[in-house]
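Which chain is which? The protein sequence lines are A and B, in order. Taking my numbering, the leading residue of the first sequence gets 1, the next gets one more, and so forth. Taking my numbering, the leading residue of the second sequence gets 1, the next gets one more, and so forth.
Because the hints were derived from the structure by calculation, they are not lab data. There's no promise every hint is true.
No copy is singled out in the list; a pair is fine if it fits within one copy or between any two copies.
Result set (SDA-like, lysine to any residue): computed pairs, CA atoms no more than 20 Å apart in a straight line [stated by the list, open to error]:
{"#": "1", "residue 1": "LYS7", "residue 2": "LEU68"}
{"#": "2", "residue 1": "LYS226", "residue 2": "MET358"}
{"#": "3", "residue 1": "LYS226", "residue 2": "TYR79"}
{"#": "4", "residue 1": "LYS7", "residue 2": "THR342"}
{"#": "5", "residue 1": "LYS313", "residue 2": "LEU14"}
{"#": "6", "residue 1": "LYS178", "residue 2": "LYS313"}
{"#": "7", "residue 1": "LYS313", "residue 2": "PRO345"}
{"#": "8", "residue 1": "LYS226", "residue 2": "MET1"}
{"#": "9", "residue 1": "LYS226", "residue 2": "LEU80"}
{"#": "10", "residue 1": "LYS226", "residue 2": "PRO267"}
{"#": "11", "residue 1": "LYS178", "residue 2": "ASP196"}
{"#": "12", "residue 1": "LYS313", "residue 2": "ASN91"}
There are 2 protein chains.
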Amino acid sequence: MAPAFSKSEYESRLARVRAEMAARGLDALVIGDADNINWLTGYDAWSFYTPQMMLVDMHDGPFWMGRLMDAGAASFTTYLTPAQVVPYPENLVQRTDTHPMAYLAEWMAGHGFAKARIGYESDSYFFTPRAFAALCSGLPDASFVDADLLVNWQRLVKSEAELVVMRDAARIAEAAMKTAWDGARPGVRQCDLMADVTATQIRGMPDAGGDMPALHPLILAGEAAKTAHPLWTDARLEDGQTIAFELGACRRRYNVGLARTVHLGTPPDDLRRTAEAVEEGMAAVMASLKSGVVAGDVHAAWQGVLDRYGLEKPSRIGYSIGVGYAPDWGERTLSFRPQEPTVVPENAVVHVILGMWMDDWGMELSETLHVRRDDCLRLCDFPQHVHVVGG
Amino acid sequence: MAPAFSKSEYESRLARVRAEMAARGLDALVIGDADNINWLTGYDAWSFYTPQMMLVDMHDGPFWMGRLMDAGAASFTTYLTPAQVVPYPENLVQRTDTHPMAYLAEWMAGHGFAKARIGYESDSYFFTPRAFAALCSGLPDASFVDADLLVNWQRLVKSEAELVVMRDAARIAEAAMKTAWDGARPGVRQCDLMADVTATQIRGMPDAGGDMPALHPLILAGEAAKTAHPLWTDARLEDGQTIAFELGACRRRYNVGLARTVHLGTPPDDLRRTAEAVEEGMAAVMASLKSGVVAGDVHAAWQGVLDRYGLEKPSRIGYSIGVGYAPDWGERTLSFRPQEPTVVPENAVVHVILGMWMDDWGMELSETLHVRRDDCLRLCDFPQHVHVVGG
Numbered sequence: 001m002a003p004a005f006s007k008s009e010y011e012s013r014l015a016r017v018r019a020e021m022a023a024r025g026l027d028a029l030v031i032g033d034a035d036n037i038n039w040l041t042g043y044d045a046w047s048f049y050t051p052q053m054m055l056v057d058m059h060d061g062p063f064w065m066g067r068l069m070d071a072g073a074a075s076f077t078t079y080l081t082p083a084q085v086v087p088y089p090e091n092l093v094q095r096t097d098t099h100p101m102a103y104l105a106e107w108m109a110g111h112g113f114a115k116a117r118i119g120y121e122s123d124s125y126f127f128t129p130r131a132f133a134a135l136c137s138g139l140p141d142a143s144f145v146d147a148d149l150l151v152n153w154q155r156l157v158k159s160e161a162e163l164v165v166m167r168d169a170a171r172i173a174e175a176a177m178k179t180a181w182d183g184a185r186p187g188v189r190q191c192d193l194m195a196d197v198t199a200t201q202i203r204g205m206p207d208a209g210g211d212m213p214a215l216h217p218l219i220l221a222g223e224a225a226k227t228a229h230p231l232w233t234d235a236r237l238e239d240g241q242t243i244a245f246e247l248g249a250c251r252r253r254y255n256v257g258l259a260r261t262v263h264l265g266t267p268p269d270d271l272r273r274t275a276e277a278v279e280e281g282m283a284a285v286m287a288s289l290k291s292g293v294v295a296g297d298v299h300a301a302w303q304g305v306l307d308r309y310g311l312e313k314p315s316r317i318g319y320s321i322g323v324g325y326a327p328d329w330g331e332r333t334l335s336f337r338p339q340e341p342t343v344v345p346e347n348a349v350v351h352v353i354l355g356m357w358m359d360d361w362g363m364e365l366s367e368t369l370h371v372r373r374d375d376c377l378r379l380c381d382f383p384q385h386v387h388v389v390g391g
Numbered sequence: 001m002a003p004a005f006s007k008s009e010y011e012s013r014l015a016r017v018r019a020e021m022a023a024r025g026l027d028a029l030v031i032g033d034a035d036n037i038n039w040l041t042g043y044d045a046w047s048f049y050t051p052q053m054m055l056v057d058m059h060d061g062p063f064w065m066g067r068l069m070d071a072g073a074a075s076f077t078t079y080l081t082p083a084q085v086v087p088y089p090e091n092l093v094q095r096t097d098t099h100p101m102a103y104l105a106e107w108m109a110g111h112g113f114a115k116a117r118i119g120y121e122s123d124s125y126f127f128t129p130r131a132f133a134a135l136c137s138g139l140p141d142a143s144f145v146d147a148d149l150l151v152n153w154q155r156l157v158k159s160e161a162e163l164v165v166m167r168d169a170a171r172i173a174e175a176a177m178k179t180a181w182d183g184a185r186p187g188v189r190q191c192d193l194m195a196d197v198t199a200t201q202i203r204g205m206p207d208a209g210g211d212m213p214a215l216h217p218l219i220l221a222g223e224a225a226k227t228a229h230p231l232w233t234d235a236r237l238e239d240g241q242t243i244a245f246e247l248g249a250c251r252r253r254y255n256v257g258l259a260r261t262v263h264l265g266t267p268p269d270d271l272r273r274t275a276e277a278v279e280e281g282m283a284a285v286m287a288s289l290k291s292g293v294v295a296g297d298v299h300a301a302w303q304g305v306l307d308r309y310g311l312e313k314p315s316r317i318g319y320s321i322g323v324g325y326a327p328d329w330g331e332r333t334l335s336f337r338p339q340e341p342t343v344v345p346e347n348a349v350v351h352v353i354l355g356m357w358m359d360d361w362g363m364e365l366s367e368t369l370h371v372r373r374d375d376c377l378r379l380c381d382f383p384q385h386v387h388v389v390g391g
């Protein structure tokens with residue numbers, strides 16, 4: 001077993017993070033986001049359900065800090081040396097009288113961080129108010145600076161090595177969606193269909209196995225499709241239902257998203273019309289998306305089509321995508337929405353998802369797009385139209 | 001579509017939470033833990049990757065508070081009235097200049113909570129330091145009290161309706177483990193085997209479909225088994241490998257855990273001996289586990305066996321299990337470990353997992369156990385021995 005990427009790939013990522021730390025005057029950075037920990041070092045385990053963090057300094061680190069039983073994963077998923085792996089004892093897990101972060105703060109105090117200026121992630125999934133409080137009270141002479149998304153923004157531009165992995169994920173995503181299209185018919189239980197879809201995602205390709213995608217595979221059938229993230233049930237698919245699938249795939253923790261819509265029976269007029277708007281909107285988005293474009297302008301291209309059809313969509317239409325564990329595959333940085341001033345760089349990879357959640361039905365169309373100098377490229381090759389079954 | 005349980009079941013849960021709130025002098029409770037939100041109301045969607053909370057008051061609530069595109073799920077997964085659903089606008093998602101919790105704090109200030117004594121969850125997965133800070137600064141005259149795990153502790157004792165669902169999950173867990181035992185052989189890719197296992201978990205039974213378990217299905221093969229939570233790769237299983245599977249299943253968000261071990265080839269002596277200790281240890285744990293027992297005494301029963309074999313295990317051997325989304329199926333309350341003073345109540349359900357992660361191999365044996373007045377009952381009926389393939 002070996003890390004997902006070469007040592008020099010990880011060194012280049014670390015250098016980018018340290019450059020940004022230096023620009024902000026930080027001596028150290030505490031990362032709670034499991035996605036960021038993986039991106040920076042390759043560390044890969046389902047270990048983030050107990051406190052886990054990564055300490056980035058300017059010279060000797062980064063240091064993985066987590067539960068003793070999970071420390072071993074560093075030896076075969078990262079290039080970290082034993083000195084860079086700092087486990088806390090098992091008897092600190094899930095206690096009310098003490099917290100693992102208190103132990104790690106003490107370690108930091110004894111290793112040169114007592115008076116450091118330390119950045120932290122204020123709004124990541126797995127770094128809690130109590131963890132932060134324990135860190136602060138264990139390092140009373142340090143200063144803490146909000147550095148949320150510092151690492152996430154470094155992830156925006158993909159290397160060629162990352163693109164190779166994401167293209168593999170895209171092939172798996174195509175296979176998963178084909179499983180959904182082939183299996184959707186009246187009478188099939190949602191769970192049976194999604195069992196096949198998920199198995200396709202995990203099996204992957206003969207030369208590239210799949211990981212579990214960070215976003216739970218979604219089936220939005222009938223009434224449930226009026227909302228964006230319903231979970232499958234054991235209800236049977238019904239004639240007349242419009243069914244949106246938000247699937248995608250994951251390879252070496254890199255996610256690619258792919259959403260499509262199926263209709264069982266004869267498509268009603270409002271579906272036909274909405275689908276036409278959405279396909280036209282996707283074409284407008286893709287025509288506008290290339291390096292150097294402002295994110296808000298990409299949204300405007302979509303809004304122009306939507307206005308012409310007299311439709312509304314209050315939510316953003318896309319975001320940067322990449323490394324991710326549950327619950328999300330988005331990078332939480334770039335969003336495509338009105339007036340968003342972020343300039344889209346070359347080699348960003350974004351998931352543009354046109355989800356229309358109406359009063360009692362819904363549909364989706366998405367593409368994962370590689371932003372290039374003068375255009376953008378779909379990572380998945382899959383028909384965009386609404387797939388009609390027995391209509 | 002309908003909520004997972006009857007209205008009276010949810011009312012009884014709410015009454016228990018409110019009684020505990022009253023005992024602690026709380027006017028309100030802010031819940032960030034997606035598991036707790038589901039347990040209290042049935043709310044079920046993959047919506048917790050953007051800020052989401054539940055506000056419990058003494059009279060009119062609870063109130064689901066989350067993103068507009070996810071509000072619709074309340075109408076078919078809960079008994080909440082429209083007045084109990086408080087969405088925040090889509091344009092607040094993932095911004096640096098504002099936070100959804102600031103909007104929700106403003107709503108609370110205008111609805112009688114401006115000077116309330118408010119409990120909050122300090123150490124749950126999806127309630128961040130920034131979310132908490134936004135809540136505090138938006139409600140400057142309120143007082144905030146750490147009420148972490150208040151709801152979790154109410155979940156410890158299961159109702160008969162919950163036990164019925166968990167027994168269904170246990171049948172699915174048996175099927176998933178059988179898929180692993182039947183499919184494990186040299187040359188099979190880990191991802192191919194786990195694709196079949198996961199499909200079995202999701203397909204469930206003809207009368208009870210499966211959900212995605214909260215804990216990622218784990219295969220610990222060969223060297224990776226020296227650590228507790230490695231993730232599958234596309235490596236092929238090899239002759240001579242000891243392979244631990246930590247699987248389980250999930251039904252209507254209720255999880256049951258099940259871990260077993262397979263060896264490909266002739267089992268080495270250290271595996272035989274460790275397996276003997278672990279099976280004997282499980283018997284000792286089960287003999288000691290019944291209502292009224294102290295959790296530390298259950299651990300002592302295990303430790304006695306372990307000492308006799310001269311083996312060591314620094315980590316806890318079990319925890320309360322139930323409702324859960326990723327990343328964990330444990331309830332983060334009861335733990336079986338040395339000196340733990342918690343008294344185990346009747347109708348608790350616990351996952352006792354005896355994981356032995358050695359220098360370069362590992363094994364696991366677990367049972368999900370229903371604690372009864374005078375004994376405990378295994379929810380899964382599956383052989384405990386190490387399954388030998390081609391030995």
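Here's how the hints hold up against the structure:
1. Within a single copy, LYS7 and LEU68 get their C-alpha atoms no closer than 25 Å, and across copies no closer than 43 Å, so neither meets the 20 Å cut-off.
2. Taking identical chains as interchangeable, the C-alpha atoms of LYS226 and MET358 lie at most 20 Å apart only when both belong to the same chain, with a minimum of 5 Å there against 50 Å between chains.
3. Taking the shortest alpha-carbon separations for LYS226 and TYR79, only the inter-copy value of 17 Å comes in at or below 20 Å, while the best intra-copy value is 46 Å.
4. Within a single copy, LYS7 and THR342 get their C-alpha atoms no closer than 31 Å, and across copies no closer than 47 Å, so neither meets the 20 Å cut-off.
5. Taking the closest pair of Cα atoms, LYS313 and LEU14 never come within 20 Å of each other, the shortest separation being 39 Å inside a single copy and 35 Å across copies.
6. Within a single copy, LYS178 and LYS313 get their C-alpha atoms no closer than 27 Å, and across copies no closer than 46 Å, so neither meets the 20 Å cut-off.
7. For a Cα distance limit of 20 Å, the shortest separation of LYS313 from PRO345 qualifies neither inside one copy, at 26 Å, nor across copies, at 50 Å.
8. Taking the shortest alpha-carbon separations for LYS226 and MET1, only the inter-copy value of 13 Å comes in at or below 20 Å, while the best intra-copy value is 44 Å.
9. In this assembly of identical chains, LYS226 and LEU80 lie within 20 Å of each other by CA distance solely across copies; the values are 17 Å between and 47 Å within a copy.
10. Proximity of LYS226 to PRO267 under the C-alpha cut-off of 20 Å is restricted to the intra-copy arrangement: shortest distance 17 Å within a copy versus 54 Å between copies.
11. In this assembly of identical chains, the alpha carbons of LYS178 and ASP196 lie at most 20 Å apart whether taken from the same copy (11 Å) or from different copies (18 Å).
12. For the identical chains of this complex, LYS313 and ASN91 are inter-copy neighbours only, at 11 Å across copies versus 50 Å inside a copy, given an alpha-carbon limit of 20 Å.
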